[in-house]
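Chains as they are written, first to last, in my numbering: chain W, 1 to 250; chain A, 1 to 264.
Hints listed in this document are in silico derivations from the structure and should not be mistaken for laboratory results.
Be aware that one or more of the hints could be misleading.
So the derived list for chain A, only partly shown, Cβ under 8 angstroms to chain W, looks like this [unchecked claim]: (1) Trp12; (2) Leu13; (3) Asp14; (4) Gln76; (5) Lys89; (6) Thr92; (7) Thr175; (8) Phe200; (9) Arg252.
Computed list of chain A residues with no C-beta within reach of chain W, every gap over 10 angstroms [said to hold, decoys possible]: (10) Trp63; (11) Phe84; (12) Val110; (13) Thr167; (14) Leu179; (15) Gly195; (16) Gly253.
Here are the simulated distance ranges between beta carbons [to be verified]: (17) W/Arg138 / A/Leu5: 37 to 47 angstroms; (18) W/Ile175 / A/Met1: 15 to 25 angstroms; (19) A/Thr167 / W/Arg96: 39 to 49 angstroms; (20) W/Pro224 / A/Tyr22: 51 to 61 angstroms; (21) A/Met1 / W/Ser143: 29 to 39 angstroms; (22) A/Val23 / W/Asp209: 53 to 63 angstroms; (23) A/Ile241 / W/Glu63: 24 to 34 angstroms; (24) A/Met230 / W/Gly22: 37 to 47 angstroms; (25) W/Gly185 / A/Thr92: 44 to 54 angstroms; (26) W/Asp189 / A/Ala29: 54 to 64 angstroms; (27) A/Val110 / W/Thr65: 22 to 32 angstroms.
Note that the structure is predicted; figures quoted are calculated from it, not measured.
No residue lacks a Cβ here, since even glycine has one placed at the ideal position from N, Cα and C.
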Amino acid sequence: MFTGMGAAIEMRGVTVRFPSRGGEVTALDGLDLTVEPGQVFGFLGPNGAGKTTAMHVLLGFTEATAGTARLFGRDVRESIARQRIGYLPEHPDTYRFLTGHELLDTTARLFKLDGRTRRMRIEGSLEAVGIGDAAARRVATYSRGMMQRICLAQALINDPDLVILDEPTGGLDPIGRMDIRRIIGELRDRGKTVFFSSHELSEVELVCDTLAILCRGRIVAEGPADTLVAPGERLEKVFMKVIADAEASS
Amino acid sequence: MTRTLTVARVVWLDVIRRKDFYVLLILMALLLVALVSMNLFGLGGVTAYVADIGLMMSWVFTWILAISIGSRLLPQEESRGTIFSLLAKPVTRLELILGKWLGAWSIVSVATVLFYGLVFAVTALHGGRFPGWIVLQAIVLHAMVVAIVCAAALMFSTRLNSDAAATLTGALTATSFLLVPRIPEFVAQAGGLRGGLLLFLYNLLPHFEIFDLRMRVLHDYGAVSAATFMMVIGYGLLVTIGFLGLGWIGYRGKQFTRGSLSGY
Ligand SMILES: Nc1ncnc2c1ncn2[C@@H]1O[C@H](COP(=O)(O)OP(=O)(O)OP(=O)(O)O)[C@@H](O)[C@H]1O
Ligand SMILES: [Mg+2]
Chain W
1 MFTGMGAAIE MRGVTVRFPS RGGEVTALDG LDLTVEPGQV FGFLGPNGAG KTTAMHVLLG
61 FTEATAGTAR LFGRDVRESI ARQRIGYLPE HPDTYRFLTG HELLDTTARL FKLDGRTRRM
121 RIEGSLEAVG IGDAAARRVA TYSRGMMQRI CLAQALINDP DLVILDEPTG GLDPIGRMDI
181 RRIIGELRDR GKTVFFSSHE LSEVELVCDT LAILCRGRIV AEGPADTLVA PGERLEKVFM
241 KVIADAEASS
Chain A
1 MTRTLTVARV VWLDVIRRKD FYVLLILMAL LLVALVSMNL FGLGGVTAYV ADIGLMMSWV
61 FTWILAISIG SRLLPQEESR GTIFSLLAKP VTRLELILGK WLGAWSIVSV ATVLFYGLVF
121 AVTALHGGRF PGWIVLQAIV LHAMVVAIVC AAALMFSTRL NSDAAATLTG ALTATSFLLV
181 PRIPEFVAQA GGLRGGLLLF LYNLLPHFEI FDLRMRVLHD YGAVSAATFM MVIGYGLLVT
241 IGFLGLGWIG YRGKQFTRGS LSGY
């Protein structure tokens with residue numbers, strides 16, 4: 001459960017510029033974002049909008065050129081900020097020489113879980129992502145979707161209060177997508193916060209209660225899903241319109 | 001501590017499950033046994049000469065292992081993209097470096113013991129006897145050298161790819177091993193500013209020669225006194241910590257972005 005330290009995610013004026021040939025690329029441009037505990041927050045935007053970059057700032061991989069980012073009130077540059085976080089990267093990959101079970105055990109040890117909790121959590125996460133059968137096999141033999149699933153299991157091992165998922169349904173079959181929806185639903189029911197990016201707008205519609213649309217490193221639309229998308233309207237249409245407006249005004 | 005040990009454990013599993021590593025280890029072991037045995041029959045004799053070759057090859061092989069393992073652990077996390085899942089955990093960069101070092105050092109040290117064991121086993125078969133205490137000291141000091149080489153390789157690999165890190169580590173350690181003991185000779189000849197510079201290098205570069213007890217083992221010169229032994233270990237630790245510290249400084253503020261990971 002949330003431990004009472006303010007917003008789950010708080011980004012204030014976060015700008016990220018990457019040096020590049022003959023100038024700079026502005027990936028994030030003064031991003032302000034607040035995700036409250038318990039929200040299922042859909043982070044949308046066209047390719048190259050800055051979604052992955054924002055997540056990288058939150059996890060301390062990339063330092064913001066300007067601005068501040070906090071997780072449950074902790075500066076993201078402190079390693080302790082990641083204690084209650086689960087993260088699924090955009091291109092999930094992990095130690096292929098370990099078996100699924102060993103991988104989860106290793107991850108649990110990084111969170112300093114004791115033996116009993118470890119066994120319990122490993123069972124639980126394996127079951128949640130539905131690869132119990134393959135847990136004794138080396139990850140090297142996994143299919144892409146299985147890789148995605150074991151990485152997700154890894155992200156859930158510490159029973160995180162905030163789960164950050166970068167395109168969790170990419171590479172998954174329809175059953176896998178439904179599994180992700182179910183997992184997100186279960187997390188929400190247990191009062192957890194879920195922050196995820198996705199291009200599958202029909203999926204997003206089904207699970208999110210709050211949305212933000214990012215374009216060129218700025219938030220161009222944000223709010224509760226049911227206000228942003230009027231009853232009877234489709235998210236896809238809203239998305240297209242918002243992006244078209246943003247592109248026109250820039 | 002738990003986290004450091006966990007990172008080290010992953011290093012172990014990685015290394016021992018790679019076919020190339022244990023094939024390499026077996027080949028080295030065979031080569032060592034072959035070299036030692038061949039000489040026994042060829043030269044017909046003095047076991048000290050034979051053991052000399054065996055120990056020299058043990059130094060070379062463990063040096064190669066320490067460089068190749070130490071220099072690839074961090075870069076491969078980046079090239080395989082596993083660094084993101086890893087750093088998303090509450091692991092500090094220091095724990096990461098220490099864990100990688102511990103894993104690399106312990107595994108190469110085990111290989112060291114194995115190589116010494118082989119050399120002494122083969123020579124013992126032919127009547128060669130070496131004093132246990134000195135052998136033990138020799139192994140411990142050899143493991144210190146492994147510690148330094150692993151730390152140097154890790155240090156370079158925090159900011160370089162594995163090839164560059166391995167090359168630099170090889171160059172640095174080989175220079176130190178071959179040249180440093182001879183610097184005083186050069187200083188005497190050079191004098192002046194050049195002499196000063198050489199003296200500076202003499203103090204800066206690691207002194208691997210003081211860890212090398214092969215002659216003592218082979219000719220039974222007697223064990224090193226406890227005080228000297230501890231001082232040499234202390235020096236080894238200091239150099240190791242120095243390299244790891246520099247590595248940590250290099251790694252602490254490192255950014256992991258798409259561009260930096262692909263190396264372009
Ligand atoms: N290391 C880097 N160097 C230069 N530019 C970068 C770097 N990383 C990201 N960018 C640029 O920053 C912008 C945002 O990229 P980002 O990966 O955050 O987009 P995204 O919203 O996740 O897109 P997608 O939906 O395709 O995953 C892009 O223009 C990208 O090219
Ligand atoms: Mg992305």
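Identify every previously stated hint that the structure contradicts and give their numbers, smallest first. 1, 4, 7, 8, 9, 11, 16, 17, 18, 19, 24, 25 and 27
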